[in-house]
Amino acid sequence: MKNPCQQAKAPILAVEGLAVDYRLRGSSLPTIRDVSFEIQAGEAVALVGESGSGKTTTAMAIAGLLPPNAAVSGGEVRYRGDRLPIDDDAAMRPHRWSEISVVFQGAMNALNPVHRIIKQIAEPCQLQLGMSRDEAIARARELLELVGISAERGRAYPHELSGGMRQRVMIAMALACSPSIVIGDEPTTALDVITQAQILKLLTALRSQLNLALILITHDLSVVAECCDRVMIMYAGRLVEDGSVADIFANPKHPYTKLLIESIPNPEHGKRMVRPIPGDPPTLQHRPSGCAFRSRCPSAMPVCATEVPNLKRWEQGRVACYLHPPMKHEEKALANA
Amino acid sequence: MTKLTAESRRHLRTQAIKSFLRRFLGHNGAWLGLLALAFFLVLAAMPGALVGPLQTAITATGDFLIPPSTQHLLGTDEIGRDVLNLIVHGARTSLTIALVSTVISLIVGITVGMTSGYYGGRIDAWLMRTTDFFFVIPSFVLALVITPVVLEVIGRGGDILGFRPSLFVIILVIGSTSWAFVARIVRSQTLSLRERQFVERARVVGTNDLNIMVHHLLPLLVPQVAANGALVVANAIYTETALSFLGLGDPLQPSWGTLLSLAERAGAASSGAWWYFGAPGLCVLIVSLGFVLVGNALDDTFNPRRRAIP
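Respectively, the protein sequence lines represent chains A and B. The numbers in numbering that gives the first Met the number 0 rise by one with no breaks, and the one at position 105 of the first sequence is 104. The numbers in numbering that gives the first Met the number 0 rise by one with no breaks, and the one at position 126 of the second sequence is 125.
Calculated from the structure, these hints are not laboratory results. Be careful, since some hints might not be right.
Unchecked claim - Label-pair ranges, simulated between beta-carbon atoms:
(1) I106/B with D133/A: 24 to 34 Å
(2) T13/B with Q284/A: 55 to 65 Å
(3) I285/B with P66/A: 24 to 34 Å
Predicted model only: the values in this text are computed from it and were never measured. All C-beta atoms, glycine included, are put in the ideal place defined by N, C-alpha and C.
Isolated chain A, as found in the complex:
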């Protein structure tokens, strides 16, 4: 977004009309609907939303890592123009890790407690790149140095490392096969603020060093402000707004985005420092008709109940709301009738 030349280039990842369903006791529940976006090489994009908004499901669908009770029911994902077989685990295997890799949430659980970390980092190198054991270990040592851990520490077991170091190990593991896209699933959630800042700094540095595209899943807008170029806001399985970080923070368009930004604690507001969004997000089983946010939306109109607003280009970004572009009077009357 910053660089107009970059935008003209073909995107490294294009998601088009992605739809994911969850199966629950025989019935299939639409979870993700109509998610479309593009990511350029080296770009950092945040997927922001409440719990259950579908941000993790979207990202995992892209990596072909949906749980067994979920399935892609529409749309496609293209990597450098080629369609990714995201609904076929076996076919996805060669793409995963060498093209798209994942930094898992909760680093302690993602590391096997009985193996030394160096062995665990070397594992994808052996499996995906067909390296010999020694080559893979050498590569793992390089990776450890890359994420700021001395290669000697590779002999440690996961429980001997601090939370921040474990997260670094997870990042090293994600970088093992030199991917061009890294998905970070709340990579800093379990960390304290200082460690969080260090990890974000590391991610930003690695990004420019290796020209990585980053998809950061988070519910923490301060993380977004710190290290992303673009934000995509999700609500109830749909993208509601997409724009550059500066734009979204200075001039949020969707009412949900506005409330989300207002809900960041602000000491200037005195006693009402934290302003939560009233109401609850809709559950999977009871998705309302029309715009899913309308029950909590301060500016809901009758038209919001009838039809889902499309994600339309508006100003510098995209937004899915009937407020944008503002309707003329006669149009409004017609739509609300």
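Keeping the supplied structure of chain A fixed, place chain B upon it in accordance with the hints.
Okay, now just chain B, sitting in the frame of chain A:
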């Protein structure tokens, strides 16, 4: 540098083993159990140290039913054979049967339990129903039915994989009836382990199912398997004794159970020859107690909940 790494790695490993042994041997039970087991293992491995080869055991060397004396430390049986000599050779048979059948039971139990827990779904249902079958059928009764049938079919002559047929059958029967317990434990552990994220991660980076099971899950199952394995051995000794007592053992290779059976038939109890049935009985008791003690100590050592944080 690589040399240094290898050296310090070895150092780390010795440290870990040392700390494990320190904790393990901190239990008095572990000491007792290990001493008892070591004694009987040496006895079984080198019968010549205390008595002669098997041939000396089956030849009568004294009068019948002599109480313990300096010449016959544990007395003689109803046809004048040295009871001590028989016990030493019985240890050999009993321990071989117990240990080999435990190995079989562990292999089958781990394989079934891990497959079942890891794959879940239909495979789990079928394997667990099979396990339930072996679980609810009293293994002793099953062994009682299988042993004579199999012996009838293959006969008592020749040898199979280096074992005499009747010995082999008993090993097989005990092994195949005691695995259900192991399978259940392994399955429940696997069920919880497979949900851990590192398994998911391993799968994501392209590790196949077999590798996940062998390299990621098995090492985490070792503590449980080791602790319960010791109990399986104890159980195997009991079953073996009971089967032989009922006359399903090999008459040419006396085990403790066979001796008990002979003692019973000779009317040792009513004629006051306490040494004849007391000696093998006590041996069975000591060895199974030894395994139980070692198993409990292993369980205590491996179980972090019972371990005080240093």
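Hints versus structure:
no., hint, in the structure
1, I106/B with D133/A: 24 to 34 Å, "holds (32 Å)"
2, T13/B with Q284/A: 55 to 65 Å, "holds (58 Å)"
3, I285/B with P66/A: 24 to 34 Å, "violated (53 Å)"
Hint 3 alone, counting from the list given before, is not met by this structure.
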